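From just these sequences and the hints, can you work out the full model?
Residue numbers (my numbering), protein chains in the order written: chain A, 1 to 229; chain B, 1 to 62.
Hints were generated in silico from the structure; no laboratory data involved. Here the structure is a predicted model, which is why all the values come from computation and not from measurement. All C-beta atoms in this analysis are idealised placements derived from N, C-alpha and C, irrespective of residue type, glycine included. Check the hints yourself; a few may be wrong.
Simulated restraints on C-beta separations [claimed, not checked]: (1) Ala47(B) to Leu228(A): 28 to 34 Å; (2) Gly42(B) to Lys203(A): 27 to 33 Å; (3) Asn22(B) to Gly155(A): 46 to 52 Å.
Stretch by stretch, here's where chain A covers chain B in the computed footprint (C-beta under 8 Å, at least three residues) [stated by the list, open to error]: (4) 31 to 44; (5) 47 to 58.
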Amino acid sequence: MAFERKWLGTNAMWTSERPCSLPGRGLPQFALLDPMGKIVLTGNSARMKSEIESKIDKMLRQPHPLIGSVPKTVLRPYLSMDRGQYAKALKEANKVIAKPGRKDPEKAVEAAKQAAQAIQDKFSEQVKRVQWLRQNGYPSEAYALYSALKKGSKGNQEFASQVASLKTLFEGDEWKQETRASTMLSRIESSLYKSGPSPGLKKGLQQFMLKYGETTVGKRAQALAGFLN
Amino acid sequence: MKNYITPVLSLILLASPLIAQNNSVGDSPEYTFREMPFNGRGTTSLADLRGKPVLIDFWGTQ
Numbered sequence: 001m002a003f004e005r006k007w008l009g010t011n012a013m014w015t016s017e018r019p020c021s022l023p024g025r026g027l028p029q030f031a032l033l034d035p036m037g038k039i040v041l042t043g044n045s046a047r048m049k050s051e052i053e054s055k056i057d058k059m060l061r062q063p064h065p066l067i068g069s070v071p072k073t074v075l076r077p078y079l080s081m082d083r084g085q086y087a088k089a090l091k092e093a094n095k096v097i098a099k100p101g102r103k104d105p106e107k108a109v110e111a112a113k114q115a116a117q118a119i120q121d122k123f124s125e126q127v128k129r130v131q132w133l134r135q136n137g138y139p140s141e142a143y144a145l146y147s148a149l150k151k152g153s154k155g156n157q158e159f160a161s162q163v164a165s166l167k168t169l170f171e172g173d174e175w176k177q178e179t180r181a182s183t184m185l186s187r188i189e190s191s192l193y194k195s196g197p198s199p200g201l202k203k204g205l206q207q208f209m210l211k212y213g214e215t216t217v218g219k220r221a222q223a224l225a226g227f228l229n
Numbered sequence: 001m002k003n004y005i006t007p008v009l010s011l012i013l014l015a016s017p018l019i020a021q022n023n024s025v026g027d028s029p030e031y032t033f034r035e036m037p038f039n040g041r042g043t044t045s046l047a048d049l050r051g052k053p054v055l056i057d058f059w060g061t062q
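Put into structure tokens, the structure is as follows:
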């Protein structure tokens with residue numbers, strides 16, 4: 001249904017599960033969550049488009065959600081982490097730990113230690129995400145994230161070493177085959193989202209499966225084929 | 001708007017079971033998906049989407 005109506009093809013995710021329940025029975029309904037996961041607006045999405053856009057605009061213009069909850073000196077590492085500058089962020093957190101300043105130094109050190117841990121956790125999580133994307137049929141997304149991590153880890157040996165361990169994921173004939181499959185599937189998906197599931201497209205997908213069925217991208221395409229049949 | 005509401009989580013309601021407790025403004029719903037959402041790129045729970053605004057859009061299809 002969603003394919004026929006050409007609703008897909010954006011960054012939206014789709015599911016038949018519902019992660020929250022809203023009062024009222026009318027559809028379409030929506031819940032808008034802020035970056036911390038809190039519901040900030042609900043209602044009918046068809047009637048409240050401008051309110052939704054305005055609320056999102058406001059959220060995106062807001063300062064970092066941690067402002068006010070962490071000492072000012074510790075905000076900088078979080079901002080660097082948000083920009084993907086992990087090495088710089090950790091260096092900044094360690095700097096506060098070493099020299100917390102005169103204003104409430106114990107609190108600053110404690111907050112900086114938490115920031116350092118958050119930076120390391122986030123980095124490890126992103127490394128795992130590269131592996132997940134690479135193993136589950138998203139080679140170009142995996143490579144983009146790998147490149148960003150490589151850039152963001154410069155200056156920190158531990159981070160750089162974790163990124164270096166990912167290098168083999170992007171080498172060899174298998175990698176070349178995956179990237180070819182990814183390019184081909186992107187074309188099929190683009191056509192599907194633009195024109196809907198035509199017989200020609202289904203045939204194209206079958207041919208793709210014959211050629212690239214054994215790749216991770218091919219396995220992802222199986223799910224797409226399942227939706228179309 | 002499409003460019004910066006990322007991720008946007010759209011929900012197609014087919015036959016999902018009713019949840020007794022309604023959520024309202026101010027709540028922070030927690031949910032782990034039984035099956036990974038289509039186009040979810042590894043998203044397994046609402047917590048994975050923290051850090052960006054998320055629009056959960058409930059649609060009905062028949």
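Evaluated hints:
no. : hint                              : result
1   : Ala47(B) to Leu228(A): 28 to 34 Å : 31 Å, holds
2   : Gly42(B) to Lys203(A): 27 to 33 Å : 30 Å, holds
3   : Asn22(B) to Gly155(A): 46 to 52 Å : 49 Å, holds
4   : 31 to 44                          : holds (count 11)
5   : 47 to 58                          : holds (count 11)
When each numbered hint is compared with the structure, no violation occurs for any of them.
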